[in-house]
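**Q** Sequence:
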Amino acid sequence: MKKTLFILLAAALLGAACQPEYVEPTADRQGITSLVAYFAFGPYEGQELGRLEIDNPDVDRYVIPIPWYFPETSDDITTPYMVKVRVRASLQPNCKIDPPLTVLDLTDENHYKYTDATGATRDIVITGERVRSNKCEILSFMLKRPTLSGIIDKANKGISLVTANDLSVAEATVTLSAHATISPDPGEPHNYNDGFTFTVTADDGKTTADYLVIKNIPQKTDYGVVGTSAEKLFNKDPSSGLGLPGYKEDVNVSMGVLDSWLVVNLGNGSTPRYYNKIVATYGGEIKIGSAVPTGAIASDENDHLLICNLAEAGETFNIWTTDSVDKAPELFYSMPNEQDIQLGLEMKVIGDITKEASISVTYPGLVGVTKSSRFQSIHVVDGKVVSSELKDVSATGFSWGSGPSGSTCFPAANPNNAEGWYSCVYSDNLLTWFKPDLTIGKQLNGYGDGSDDVSGGGTYVDSNTSPNNLDSKCFNNARYLVLFVSNHFPKWWPGPQLYMYDITTGSLQGDNIWNSPGLAFSLPYMYDQQYNTGAQDGNGACGDVILAPSADGYMLYIYYYDHYSQMIGGWSLDCIKR
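Using my numbering, read the sequence shown as starting at 1 and increasing by one per residue.
Just so you know, these hints were derived from the structure itself, not from any lab. Some hints could be false.
Once the Cα atoms are required to be at most 20 Å apart in a straight line, the calculated EDC-like pairs of lysine to aspartate or glutamate come out as [as the list claims (entries may be wrong)]:
{"hint": "1", "residue 1": "Lys-327", "residue 2": "Asp-352"}
{"hint": "2", "residue 1": "Lys-442", "residue 2": "Asp-428"}
{"hint": "3", "residue 1": "Lys-391", "residue 2": "Asp-340"}
Bear in mind that the values here come from a model prediction, so they are computed numbers and not experimental data.
With the hints as extra help, turn the sequences into a complete structure.
**A** This is the structure:
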């Protein structure tokens, strides 16, 4: 009996030793799932030019659609790039294309042999075709007199003009999908009291959409943003797309919103520039007057832009304000910098500076000399500064380095200055709520715990990032804090990250930055949104993030700018009851 068992065991072991290694299952039908074309030369080299998603397994001729213009909002045609395009295929296991795809002329038919998972082969053709856009949206609608921005319901193609004014004879300006046209001309007088319909025609000349514009007051939700309303506005290369500096230039970027414009400041003394806040088309330079934009800019909750200078120790620190890109800023507040370090590298505001607001301005550390734990808190009541206090959090051990990459900011929890401030610094990476007495009330951890490591596709805020870009604003009976984690090493995953928290209670919720119960909106993986992914460590890395409620109270805009990763973009959320 023992002999028999031994023989059976030996046979089992021998059989196991002869088993083949695991082979990934072959695809049943759909072998080629997508073909993606990339620029092979020029200023956009390496960026995606066109994509073909494939759902028919029997197709033998693949035509990659190439946009007529690139960038889409420009007038630059793509014809010159068609003759030299790098093409990559997404293939299921055990499928292949011979010869391997490299650089193709998409104006020609490129012949290949495709082998599917069963070993069967067939001839295929890969080519390209320039196509005109079929997008036909109204992206923004603004009356000239009275100055009024329309609330756009994209799902129902409706635009509400929230006003009690007579709109029987009103002119408007619009922003459309790139290269689309509109009829009749909104620049001519129209009657919006009872509704007026416009037809938008896409660049392809065939696709249309009708929009009804009417004086109306949409119903709001009782509280905060509608999470499902989140919509991407744009994400662009600051250098090639907006004419802003490349990543090698040392700047200190900051942003603000004025009416229909996104204003960008470089912190180097140059005049801030403004762009359409919906599609980021260039508008011009703001009227700067006597303001000195060597520090930061910020915007409040009622279309006021704040501009400050970077004051050295012993110099005068100033804040100027304006409510129009065409109006020279006026001096709002002035104080001597009595500290031994600079003041004005970062500035944040919550509230309305003509009513009540809290402005915070950071003292950055001095490279090679000292770190900092100080910021200036300025309280505004009835449009006037009622207090300006030096705040020092050194007793908590919280400190930061020199700017811009090593510094931070301190947005307040409330315009009344009664609920503390928030901050986060490199490289402790702890999103921190400071109570009004400057003790730490709550911290959210940014580091992973092993289950959230990069190899598993998770996210974490580690020492390769700069989690020092924050802003806070009130919106629809709620208060929000946004954290933008800019990238110090653009080539490493997960790239920049964005998190928006409900802070109506003052405190932070949960334990971690990326999965807090208080999260109202997040973009945890923005690696593929970067336009610079090859650079090494950037000592001049910097960024900014802002929340911008619309003056009518229906929209909340989020804008982010990562200078070193070369990405600037925006999202919108609303509070419309549907």
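**Q** If a hint holds in the structure, say so; if it does not, say that too.
**A** Outcome of the hint check:
{"no.": "1", "hint": "Lys-327 x Asp-352", "result": "holds (19 Å)"}
{"no.": "2", "hint": "Lys-442 x Asp-428", "result": "holds (14 Å)"}
{"no.": "3", "hint": "Lys-391 x Asp-340", "result": "holds (14 Å)"}
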